[in-house]
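Enquirer: One line per chain: the protein sequences are Y and L, in this order. By this note's numbering, the letter at position 69 of the first sequence is numbered 69, and the numbering carries on one by one without gaps. Add 1000 to the 1-based position in the second sequence for this note's numbering, that's all there is to it.
Take these hints with a grain of salt, some might be off.
Some chain L residues close to chain Y (C-beta under 10 Å, calculated; not the full set) [as the list claims (entries may be wrong)]:
no., residue
1, Ala1012
2, Ala1022
3, Ser1290
Derived by calculation from the structure, the hints in this document are not laboratory data. No residue lacks a Cβ here, since even glycine has one placed at the ideal position from N, Cα and C.
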Amino acid sequence: MTFRRVAKQFARRPLAMLGLVIVVAMVLVAIFAPQLAPYDPTKPDFTAILQAPSSKYLLGTDEVGRDLLSRLIYGARASIRAGIIAVLIAVGLGVPTGLLSGYVGGWLDRLVIMRLTDAMIAFPTIVLALALAAALGGNLTTAMLAIGIGSAPAFIRLARAQALSLREQEFVEAARALGNGANKVMLRHVLPNAVGPLLVQASIAIAAAILAETALSFLGLGVQPPTPSWGSTLRIGTGYMQQAPWLSLYPGLAIFATVLGINLLGDGLRDVLDPRDRA
Amino acid sequence: MLSFVANRVLTAIPVIVLITVAVFSVMQLLPGDPTLAILGDEATPQSRAALRERMGLNRPVHVQYLSWLGGLAKGDLGRSLVDNTPVVRAVSFAFPVTLQIALVSLFISLSVGVPLGILSAVRRGGVVDALSSVFALSAISIPAFWAGILLMYFVALQLGWFPSSGFVRFNEDPLRSLHHSILPAVALALRPIGIFMRMTRGSMLEVINSDFVRTARAKGVSETSVNLRHALRNALIPLFTLMGLEFSGLMGGVVVIDTLFAVPGFGRLIYSAFLRSDFVMMQSLMVLFSLVVIVVNLLTDVSYSLLDPRIRYS
Chain Y
1 MTFRRVAKQF ARRPLAMLGL VIVVAMVLVA IFAPQLAPYD PTKPDFTAIL
51 QAPSSKYLLG TDEVGRDLLS RLIYGARASI RAGIIAVLIA VGLGVPTGLL
101 SGYVGGWLDR LVIMRLTDAM IAFPTIVLAL ALAAALGGNL TTAMLAIGIG
151 SAPAFIRLAR AQALSLREQE FVEAARALGN GANKVMLRHV LPNAVGPLLV
201 QASIAIAAAI LAETALSFLG LGVQPPTPSW GSTLRIGTGY MQQAPWLSLY
251 PGLAIFATVL GINLLGDGLR DVLDPRDRA
Chain L
1001 MLSFVANRVL TAIPVIVLIT VAVFSVMQLL PGDPTLAILG DEATPQSRAA
1051 LRERMGLNRP VHVQYLSWLG GLAKGDLGRS LVDNTPVVRA VSFAFPVTLQ
1101 IALVSLFISL SVGVPLGILS AVRRGGVVDA LSSVFALSAI SIPAFWAGIL
1151 LMYFVALQLG WFPSSGFVRF NEDPLRSLHH SILPAVALAL RPIGIFMRMT
1201 RGSMLEVINS DFVRTARAKG VSETSVNLRH ALRNALIPLF TLMGLEFSGL
1251 MGGVVVIDTL FAVPGFGRLI YSAFLRSDFV MMQSLMVLFS LVVIVVNLLT
1301 DVSYSLLDPR IRYS
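Work out the full structure, taking the sequences as your base and the hints as a guide.
Expert: Here it is in structure tokens:
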């Protein structure tokens, strides 16, 4: 399917377009944070502690008088970056492993790679993050690593399934018959045909990765203070739930809107690119 | 049937061994000396050496691993580094709490997700379908801990319908115990509600258009009966594998939700072990966390094959 046709079909879906708009807006907010934020997100102002939302501070201030809106604008950077990097790690680990597993098959596939994948799935991402944080220190890097490893099995399984079905297709057999090596066949013939489903999976995985990053930052295992982040602001907010409910409300809304946008986009992509699930 | 179960159990064993190796290796990377964590900075080298000897830390790594594994196999999970109590005891307190919340959560997610999915499929393209699809996607997109915060703020603190934190054990007071587990369970149920709804809708649509359903309709079976007896029974089967997969996420979610609602469950146990650098406790809990997920997946696979004989032969 050409890019033009994909774009055209995509544009006909209002919910998918809404998702695209939200995602583009969030990415722009992250990029232009310094221009958009009305205040310095890390500079405390002890004359403006826990101010309710007003015309001066649109979303109120936090426990050391920092403007919440500015912190949420900068917080988009941490979450979006974490989502993308974690998924890149997952794709980097998962896609080559899955393609190899499906294409080569045999004992490597069934006895080694599939069992490893089972073990990875049995390990909840947050528990893995706790282990890595204990060993390497709790920060955004270990959080992204844990989320990346935790998201890899989905890519291994998907790439494997794609390789298994494409392996039997005539054009792949033809490529093999022409004397091309396994590496070349996988890279030139199998991978390009698996891009659609992988792209759909990647969009869903970014949404899940952002949820995981904010949960880890909420536990104090991700973004470290004073760097602004949505999850760690919620962590502070729960301590002031009665006096300053805005600290518990708006950061969650930012996470929810971003993740919903990505999921809407992903659903739209699935409808257009992945005919299997077109129910 | 028996060979299917045996086969599934046999494939689970190397997975469990892999997990113990992975957990043990990660814990070897731990910075610092556990004897310092226990005895504090002022400990004399002699007392630290004595403790190392007693804990078996002077033995070669593979011997330490095998003795830990041997202990695990016998149900000996070691002793907490912080208060020297057996890990098994802490686990036996926390496990029923988490089991209860997980079951309540599963009950809520099935009893909301599945009917919504059926309704959407039967009324495909209508208002109900559109609304429940948006609801399902929102349920998947909302962070569980933020849903928990919202429930805590609006339902517990503002309306006062449920307690905002803490827990009562089931054997002490079953009703109050259930009352305490509702909010954490709802927060954990949102994602599975969305997933189950979408899955049920998808597989119902597939089944509704299949030949045997058309035959049932053609021979005059009522619409409700077609949908519920013929279509639903077949549409529910894929839900089983999904339930097993979702369980891993649920066990992860428990860490955040236990912390938020101050529930003395598995999640809080491992998180406080982490905060207190109780690596013996963490090591054993990590294995238990994945063991729970593996056992649940095994059970769903087996029940799935009981429901659908086709699975056993493929």
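Enquirer: With chain Y as the partner, please determine if Ala1012 (chain L) meets the hint condition of a C-beta pair closer than 10 Å.
Expert: 8 Å, holds
Enquirer: Holds or violated: is there a CB of chain Y closer than 10 Å to the CB of Ala1022 (chain L)?
Expert: 7 Å, holds
Enquirer: Using 10 Å as the Cβ threshold, decide whether Ser1290 (chain L) counts as touching chain Y.
Expert: At about 4 Å, which falls below the 10 Å cut-off, the nearest Cβ of chain Y leaves the hint on Ser1290 (chain L) intact, so it holds.
No hint from the list above goes unmet by this structure.
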